[in-house]
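A.B. asks: Here's the letter readout for the chains.
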Amino acid sequence: MTTQPVIYTENLTKMYAGGAKAITALDALTLEVLPGEIFGYLGPNGAGKTTTIKLLLDLIRPSAGRASLFGLDARAQSVAIHARVGFIPGELNLWKNRTGRQVIQYIASVRGGVAAQLAEASRLAQRLQLDTSRLVRDYSTGNRRKLGLVLAMMHRPELLILDEPTGGLDPLMQQEFNAMMLEFRQSGRTVFLSSHILGEVQAICQRVGILRAGQLKAVESVEKLMQVGYRQVELTFREAVPPEWQERLERAGAVADVRLHGDRVSLKLAGDFDPVLRAVAGGYVRDIRVEEPGLEDIFLSFYGNGHSAVPPRVPEVQR
Amino acid sequence: MRGAIFVELLRRNWRQMVYWGIGLAILGFYATSVIPNADTLRQYQAVVETLPPILLQAFGAADNSVMATPEGFVAFSFLAYLLLIMLVYAVLAGLNITASEEEDGIMDVLLALSVPRWRIIVEKYAVYALLVVGIVVISYAGMFLGAAGATMPFNMSLLTVGGINIVLGVLLVMAFTACLATLIRRRATTTAIVVSVIVVSYFINVIGNAAAGTVAAALRALSFFSYADAQYVVADGFSIGSVLLLSAATVLFFVGALWGWERRDVGV
Numbered sequence: 001m002t003t004q005p006v007i008y009t010e011n012l013t014k015m016y017a018g019g020a021k022a023i024t025a026l027d028a029l030t031l032e033v034l035p036g037e038i039f040g041y042l043g044p045n046g047a048g049k050t051t052t053i054k055l056l057l058d059l060i061r062p063s064a065g066r067a068s069l070f071g072l073d074a075r076a077q078s079v080a081i082h083a084r085v086g087f088i089p090g091e092l093n094l095w096k097n098r099t100g101r102q103v104i105q106y107i108a109s110v111r112g113g114v115a116a117q118l119a120e121a122s123r124l125a126q127r128l129q130l131d132t133s134r135l136v137r138d139y140s141t142g143n144r145r146k147l148g149l150v151l152a153m154m155h156r157p158e159l160l161i162l163d164e165p166t167g168g169l170d171p172l173m174q175q176e177f178n179a180m181m182l183e184f185r186q187s188g189r190t191v192f193l194s195s196h197i198l199g200e201v202q203a204i205c206q207r208v209g210i211l212r213a214g215q216l217k218a219v220e221s222v223e224k225l226m227q228v229g230y231r232q233v234e235l236t237f238r239e240a241v242p243p244e245w246q247e248r249l250e251r252a253g254a255v256a257d258v259r260l261h262g263d264r265v266s267l268k269l270a271g272d273f274d275p276v277l278r279a280v281a282g283g284y285v286r287d288i289r290v291e292e293p294g295l296e297d298i299f300l301s302f303y304g305n306g307h308s309a310v311p312p313r314v315p316e317v318q319r
Numbered sequence: 001m002r003g004a005i006f007v008e009l010l011r012r013n014w015r016q017m018v019y020w021g022i023g024l025a026i027l028g029f030y031a032t033s034v035i036p037n038a039d040t041l042r043q044y045q046a047v048v049e050t051l052p053p054i055l056l057q058a059f060g061a062a063d064n065s066v067m068a069t070p071e072g073f074v075a076f077s078f079l080a081y082l083l084l085i086m087l088v089y090a091v092l093a094g095l096n097i098t099a100s101e102e103e104d105g106i107m108d109v110l111l112a113l114s115v116p117r118w119r120i121i122v123e124k125y126a127v128y129a130l131l132v133v134g135i136v137v138i139s140y141a142g143m144f145l146g147a148a149g150a151t152m153p154f155n156m157s158l159l160t161v162g163g164i165n166i167v168l169g170v171l172l173v174m175a176f177t178a179c180l181a182t183l184i185r186r187r188a189t190t191t192a193i194v195v196s197v198i199v200v201s202y203f204i205n206v207i208g209n210a211a212a213g214t215v216a217a218a219l220r221a222l223s224f225f226s227y228a229d230a231q232y233v234v235a236d237g238f239s240i241g242s243v244l245l246l247s248a249a250t251v252l253f254f255v256g257a258l259w260g261w262e263r264r265d266v267g268v
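Just so you know, the protein sequences line up as chains R and E, in that order. Quick note, the first sequence lines up with residues 1 to 319 if you use our numbering. Quick note, the second sequence lines up with residues 1 to 268 if you use our numbering.
FYI, nobody ran anything at the bench for these hints, they're computed from the structure. This structure is a prediction, so every number in the text was calculated from the model and none was measured. Glycine is no exception: its CB is placed at the ideal position from the N, C-alpha and C atoms. Among the hints, a few may not be true.
Some, not all, of what chain R presents toward chain E, calculated at C-beta under 8 Å [said to hold, decoys possible]:
| # | residue |
| --- | --- |
| 1 | Arg61 |
| 2 | Ala76 |
| 3 | Leu94 |
| 4 | Trp95 |
| 5 | Gly112 |
| 6 | Gln174 |
| 7 | Val241 |
All chains, full assembly: derive it from the sequences and hints.
C.D. replies: What follows is the structure, encoded as structure tokens:
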């Protein structure tokens, strides 16, 4: 028996008409998000993340393809879906002249089951240290985000769809948010998290989808993405590095993005160290620093001029 | 939960109804309580007869014989303005049904809840319709209070018919605004179009009235003010045709708003 995905899209496409200037905001997205996972959805501004979320929630209608949540059609059964989903939009705007508490009460009353939601909202607000007696217009960006989290989670949804949810949260609250998401997942529920904050995705997501110019470039486990096969290397020499080393290093093989800065050389290395060390032979190496790539490096490697900036994997040499 | 949007909106706006109502009630009270006696009204009519019709129209006086009655005087000095002021409210309310929250970016939050789109329009329109009725009722309360202390008797039923026309006219403009707002999305553009339609309609009516027997008079049939009339109704009495036409147009635009809202992208 196969597990039914919580989110499923098939060739989901959104085009905005404009004659010759028609824009494809999302291009044939086929994606599955499974129950009980925190799925990170990464991409730069304009990549199509928010478009995807709006299509999933039936705020906008697809030009082609389809989406389903919990096996229900996102278009025809949106009301039933929304009852099971919590959502924070990328730009969270609320009724500015209402207090946090009034907004919570309103949203709870529209959903139904007010008492249980208010109890949960109170618990969440306490945990997030949110003063709900203040007017929304007096909230900082971070506090507005906290209120958004309370609104999205107070009905105990099965799926959270979060569009850049942590902008403006301080580091402590960011940690609290991460803890909340992990608890949410541990209770068997699912999170679809669109984010620019790669550290956050790295910390809490199991799988990541990377979107660029409306196209899904990769869906991988975070663990696998981290094994991209290159390391960031920085060599520090006693004297300034001669310019001709640039070419020598670039020809060393499995090396990319060579940069010389005074007495330092930085590069991306996808293979063995020996060719690099031979290329810089004669120089007095004072220090070597090797770093595994962060998700940010990996992320950038998907966007660098439209080509992978990651050097090709060098096959292991059998010795 | 059904009715939650209605209840919340009503809770947020009932004071607005009271403030608008009190302001207009003071105007109504003033118009009826300062009404002159029959002789003065006749003298007033005589003076008015010397004015060119176009000038009378500009001030909302349709027929100078109407002004010789207490109801006519009130229709001229209060109901004509009540309609125009209430049309401002209608445009604001029509914009608040979808356009304001959409432009403020709040609609995403509301539409992501388990509420069908049509309910947002139905519940909000119902609230604003109730508020319109409330404002007109409060205004009329002020007017009747003034009439109670006046020296001349009023034909209350004729004035009430004027009120019905005002309410129907306001509901129509509100539905028209809401319909345009669901199609156009932008507050400023919607406002510009609706205000233009009202102003053009007003002048078609004014010019048509002043130019009997001309094409301009025939064009009056196209004017909203020919049907949502709070002045002639005092002289001509209740017109079931106008009521049906206003109601049918309101339903048409309301359905148009629902249709436009159901099928389009929101918040883009």
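A.B. asks: It remains to establish, for every hint, whether it holds in the given structure.
C.D. replies: Going down the list of hints, with the structure as the test:
A hinted interface residue such as Arg61(R) counts as satisfied when its beta carbon comes closer than 8 Å to some beta carbon of chain E; here the least separation is about 6 Å, so the hint holds. Look at Ala76(R): its Cβ only gets to about 12 Å from chain E, farther than 8 Å, so that hint breaks. A least Cβ separation of about 6 Å between Leu94(R) and chain E falls short of the 8 Å threshold, and the interface hint therefore holds. For the restraint placing Trp95(R) at the interface with chain E, the shortest Cβ-Cβ distance is roughly 7 Å, inside the 8 Å limit, so the hint holds.
Interface hint status for Gly112(R): upheld, as the beta-carbon distance to the closest one in chain E is roughly 4 Å, under 8 Å. Against a cut-off of 8 Å between C-beta atoms, the interface hint on Gln174(R) is violated, since the closest Cβ of chain E lies about 23 Å away. Because the beta carbon of Val241(R) sits about 52 Å from the nearest beta carbon in chain E, more than 8 Å, this interface hint is broken.
Hint compliance for this structure: hints 2, 6, 7 are not met, and every other hint is.
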